[in-house]
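Q: From first to last, the protein sequence lines stand for chains A and B. So the first sequence is numbered by our numbering: it starts at 130 and just counts up by one. So the second sequence is numbered by our numbering: it starts at 2 and just counts up by one.
Hints are computed from structural coordinates only; laboratory data are not their basis. Relax, there's no trap hidden among the hints.
Have a look at the derived ranges for each label pair, beta carbon to beta carbon:
# : chain 1 : residue 1 : chain 2 : residue 2 : range
1 : A       : 272       : B       : 44        : 21 to 29 Å
2 : B       : 113       : A       : 224       : 53 to 61 Å
3 : A       : 210       : B       : 164       : 23 to 31 Å
Short, incomplete list of chain A residues facing chain B, as computed with Cβ under 8 Å:
# : residue
4 : 153
5 : 205
6 : 231
By construction, the Cβ of each residue, glycine as well, lies at the ideal position given by its N, Cα and C atoms.
One letter stands for each residue in the lines below.
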Amino acid sequence: MIMNWMHRPGRSLLVLVAALGGCGPQEYDPHVPIGVHAAAIRSVGCLDLGAAVAPDPRIPRDELLLSLRVGNRCTEPAAFDASAIRIVAQTVAGESVRLDFVDPRREIGPKHLDASVLAKESIALGGDVPADRLVEICFDLRAIVPDDPGPPPEPLCLRRSEEGWAP
Amino acid sequence: MGTVRGAVVAAVVLAGLSVAPAALASHSCQEVSDIVGRQKCSHYGSLWSTEDAIPITFGVGARYLTFAPAGHVFRGTLGKKPDLTSFEYNGSSLGDVPLGAGGIGFRATGYLLPGLYVGIEYGFAMGRNERASFSAGGASFQSTPKLIDTASFGGGALAGLRLPLGLLSARAEISLGGESVNLFQSVAKGARASDGVDVGAAAWAIVPRAAVDLWVTPWMTVSGTYGRNLLDHGSQIASLFLTWHGRSYDGNYFF
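Same shape as in the complex, but just chain A (with noise of 0.2 Å):
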C-alpha cells in the first residue's frame, strides 16, 4: 500500500516536467550563428538584431519573407518592440517606397525578450510595389528598444543580388 500511494503522483509530476521540458525557447550565445549574415546583425542595448528576406513559396509572390533573429545578452528581460522597425525600399526606378509587416491577426507589438533567449519569428514582408521590383530594403531599427540611452544603430541594408538578398 506504502508503494502504490508514493508511485502515482510522483510519476504523474516526472511525465509533467518532461512534456512541458520538450518544447520551449532556444537559448541565444552570442558566439554561435544566429541563421543570418554577420554583417546583418546590429546591437541595440541587451539585443542582437539580425534579419535576412528572401521569396517564399508559402507567401503571395509580390511579398517577401522576413526571417527576423533577436538575441538577449543580458540575463534579464529586455524591451523589445519589432512593430516601431521602419522599413523602407528602394525600387528599380530609383523610387523610395515604405514596406510593413504582414499582420492580419495584430500580433506584432511591443514584448519582452525573456533572459538569454533566441527570438525567431518569420514575417511577410508587403508593400504598394511588388517584391521583384525592389532592389534594396533598410530597416531602421533606431526605435525598437523603447527608451534606449545608447547610440542609435546603424541601418541595417540589404540589396538584391543574382544570389539573393545580403548586406
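Starting from the known structure of chain A, arrange chain B on it as the hints suggest.
A: What follows is chain B alone, placed relative to chain A:
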C-alpha cells in the same frame, strides 16, 4: 494521520489535474506554419517573450530527513481483517536518536508577484534505523534485519521569497504540511506475532527553510535547501533539487 496524508495527496493530484490539460493541449496541436499570422498553435512571441512565459517551476531532487520519534504515537495492527489486534507505543521507546531516511522529492511552484511564490511539494524517503528491542502496551517490538526498514512520506503547501543574485539566488520559504514515518518491525502481542509489521506515526509540520539556487542554464537551477520543523525540533530536512523554470532566470524581478 489519515487526514494529513489525504490532504497531501489531494493537493498534489489537484495541481497535476490543473496543469495537465494545458500541457496535453499544446502537445496535440499540429503546427502548420512558422509565419506570423498563419500559425495555428502559436503566435508572435509565444516562444520567447516574458509575457508568454508561465512563471512556474517544477523540481525533482534528493532529500534527507530526520524524524524525532519522542512524543509521537506509533500505531499498527497484527493479524488479518476482520480479526485485527491493534497496538501502539510512544516514540520515546525508540530512543532519543531521530529516525533518518533518504529519498526523492517533487515540487511545483508558481510566482504570484516578483520574487513571491507559492506551491506544493511531496516526497518519500527510505532508510534503516535499527533500535534496541523494547516492550510497550503488552507488546514487544524488535528491529528486523531488513536492509530498508523505514519509509517516510511527506508533503504540503509552501510559500517563499526569492532574491536574485546574478547566477545565484537566495530563497526563504515556509512549508505547511505533514510527514509520516513507517517502521517495519517484528511485533509480538499475546499469542500473536509477526516478523514484519508496518508501525507508523505522523505529524504536522511547519518547516521554515533556506535555499540557495545556482543557475546551470537559463531555465534550470540546482538548489540546496535546509529546514527544521518548528513543531518538532528533532525533525529536519535537507535536499538537493534540480528545478525547471518556465521563465529564464525566473524573470529576475520582472513579472
